[in-house]
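Which chain is which? The protein sequence lines are A and B, in order.
Residue numbering for the first sequence follows my numbering, starting at 1 and increasing by one per position.
Residue numbering for the second sequence follows my numbering, starting at 1 and increasing by one per position.
For the record, the hints were derived by calculation from the structure and aren't laboratory data.
Values in this document were obtained by computation on a predicted structure and should not be read as measured data.
Among the hints, erroneous ones may be present.
Derived BS3-like pairs: lysine-lysine, alpha-carbon spacing no greater than 27 Å straight-line [said to hold, decoys possible]:
# : chain 1 : residue 1 : chain 2 : residue 2
1 : A       : 38        : B       : 67
2 : B       : 309       : A       : 111
3 : B       : 67        : A       : 33
Stretch by stretch, here's where chain B covers chain A in the computed footprint (C-beta under 8 Å, at least three residues) [as the list claims (entries may be wrong)]:
# : region
4 : 8 to 19
5 : 49 to 56
6 : 64 to 75
7 : 81 to 90
8 : 102 to 116
Covered stretches of chain B (chain A as the covering partner; in silico rule of three or more C-beta atoms under 8 Å from a C-beta of chain A) [claimed, not checked]:
#  : region
9  : 8 to 19
10 : 57 to 66
11 : 92 to 102
12 : 135 to 146
13 : 172 to 179
14 : 225 to 235
15 : 315 to 321
A virtual CB, placed ideally from N, CA and C, is assigned to each residue, including glycine.
These are the residues of each chain, in order.
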Amino acid sequence: MLGAYLPILVLVAIAVIFGLCSLVFSSLIGQKKPSVVKLAPYECGCEPVGSARERFSVKFYIIAMLFILFDIEAVFLYPWSVLFKRLGMFGVMEMGVFIVILFVGYIYVWKKGALEWE
Amino acid sequence: MSPIALDIAIHLAKIALIFFVVLTLAAYLVFAERRILAWIQDRKGPNRVGPFGLLQPLADLIKLLTKEDFRPAGADKWLFYLAPAMAAIPAILTFAVIPFGAPLQLFGREVPLQVADLNVGLLFFLALSSIAVYGVALGGWASNSKYALLGSIRGLAQLISYELSMGLSLVPTVMLAGSLRLSDIVGAQEGIWFIVYQPLAFAIFLISIAAECKRIPFDIPEAEGELVAGFHTEYSGMRFGLFFVGEYINIIVLGGLATTFFLGGWHGPWLPPFAWFSVKTLAFAFFFIWMRGTLPRLRYDQLMHLGWKVLTPLALVNILVTGWILMLR
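Just chain B, same shape as in the assembly:
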């Protein structure tokens, strides 16, 4: 095979791998969440479809595909149709910049385990997380339902507020690594992980990503006790499924990013790099599920206070303190 054809083949293989692994993981994360929540609440959870209920995601997919594809009267046709895809696509794309293993030696060349090693990888992630807001905002507005509208406006304000503290908490890691390239950030953590230097930034980032994926205790956009299902109240079938899949992909992607920025990415002793990355990312996913089983929902004013009055100023002060300490060293 000529070098160019080999190059293209390697890239396509990586893209296909990322795409299918992330989608399958998202489907099984839904299943894992139901089993783990059941375990926390001392009940059994789904265990009927296949051995240990392992075929449950497949059954869910078939059910979602065969449900009535419903569009309420007065909904904005095109926005209502396209919003779920707008929510799911950015989540998938973000995974492109995450290095999920050490560079491999394949066919006599070095293959980085990352779809695209962008020199602005961190900005790419922040840009996509801003774009993901559109799916929530437009989907809720287009539904012509009050619950959906309220959910989408709440979601909009929440997502942009926490995006701020999320972005600011990443500045110290860039200062330590001296680069926006994610592979450089991982490379800078070969010895000591950034969580050791930046525990505060890590805490801010962790809280912010929980809010970014709209998880309990931050699930106010879809609070079922007050808003039915929030911005996706009127969605059914696979369009609802796309919102759902997007959310779970987001959990995996943000877990992967937290691993990359603070937990040393694929670095770790004994185990192979890819295994380390998977273990750390899934640990974050488990943490989010655990939180859902444990915590009550915040009130809206508490949510906004936490974002604007606690996390954002803390992140700014943290940047300055980090700057001073790095200079005086």
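The shape of chain A in the complex, shown without the other chains:
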């Protein structure tokens, strides 16, 4: 069973070697003439203002949390969809109830304005 993953491991090894080789060769072959001005982060030619590791909108955290919630729902859907034909009508009803509950939460999130970008 695990034998199926061996070719993938080989491909992982090749892909990693390819990635690392490109990085190493690029840093070996390319010329290097660093200067203070050149190493400054790009800000359209002006002197950089403040730190780049700024705080950002809380919206993105909400999206990340919602993603985790909905992704877990999606994880439940895959085993159900594989066994879908064997579970029959019972399975459809169960999943219907599950998705309806999910929709209630979704409408709550929508009404709360978590999906708005103003």
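Starting from the known structure of chain A, arrange chain B on it as the hints suggest.
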């Protein structure tokens, strides 16, 4: 040759074939995109290097390798170095589960044209597409540049939002095929392709993969008009090249997956299976290039609205409706 040695040789040959074909295709897709965009915009495009400009990818490679390998002051050294590889490697790996032709009869045994026929192939693809987010997120954060940070945060939110609708749009195909194994999904489409039963799921999947490869009209993480180049603003040389190659490999891989899930994989009349798979996959690549030549970029709120308020609920309703219809049949 002993059977085990033959087995190993066949596997290695398939892996080498996949690896080189995908990399070469990605390089030529960049070239094809420049030529096709030029054609759309009524100009010539790159045509100087070699006949019809066909050696352009090679020239680009040499140029990228000899460019200054630059790391801005204050960047996180290791994350900045490794992020491009993190973006490119998952894209290459996803191709391992795509069946790109009918099983061949070689040396008296059946050889599936697929690196690994996993029984959880679809989950493998979804897992890798989640991992690919790291390259964008960490690369932009490590650069110590505001444009890069903004680009990577935008990209992060976009990729995870559209991953949801992409994953949900695939549930009906699993219900029809009864398996997460990609060769079974292709096998179930021998008669009628799933696009006929599931046009809505196909549309959702197509829009989502366009967003997943950050193509126009969804190229907000690297919107050049506002963010310079987004998350790879500070990248140069082959490290920039790795981001770029990863993106184009992604186009090919996602085109191949759309073919596998909805367009019957390698099934088709007259032509050999491998040719059918290539034609369908390249048609998707052409479609993405065409879109880039035609559409304007969405605004960020429009992008998030489309993902969260249209595609995700539609995909959920589609699952339920599919379930009902399959049961009542």
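To see whether the hints hold, each was checked on the structure:
| no. | hint | result |
| --- | --- | --- |
| 1 | A:38 x B:67 | holds, 14 Å |
| 2 | B:309 x A:111 | holds, 12 Å |
| 3 | B:67 x A:33 | holds, 11 Å |
| 4 | 8 to 19 | holds (count 9) |
| 5 | 49 to 56 | holds (count 4) |
| 6 | 64 to 75 | holds (count 6) |
| 7 | 81 to 90 | holds (count 6) |
| 8 | 102 to 116 | holds (count 6) |
| 9 | 8 to 19 | holds (count 6) |
| 10 | 57 to 66 | holds (count 3) |
| 11 | 92 to 102 | holds (count 3) |
| 12 | 135 to 146 | holds (count 5) |
| 13 | 172 to 179 | holds (count 5) |
| 14 | 225 to 235 | holds (count 3) |
| 15 | 315 to 321 | holds (count 3) |
Checked against the numbered hints above, the structure violates none of them.
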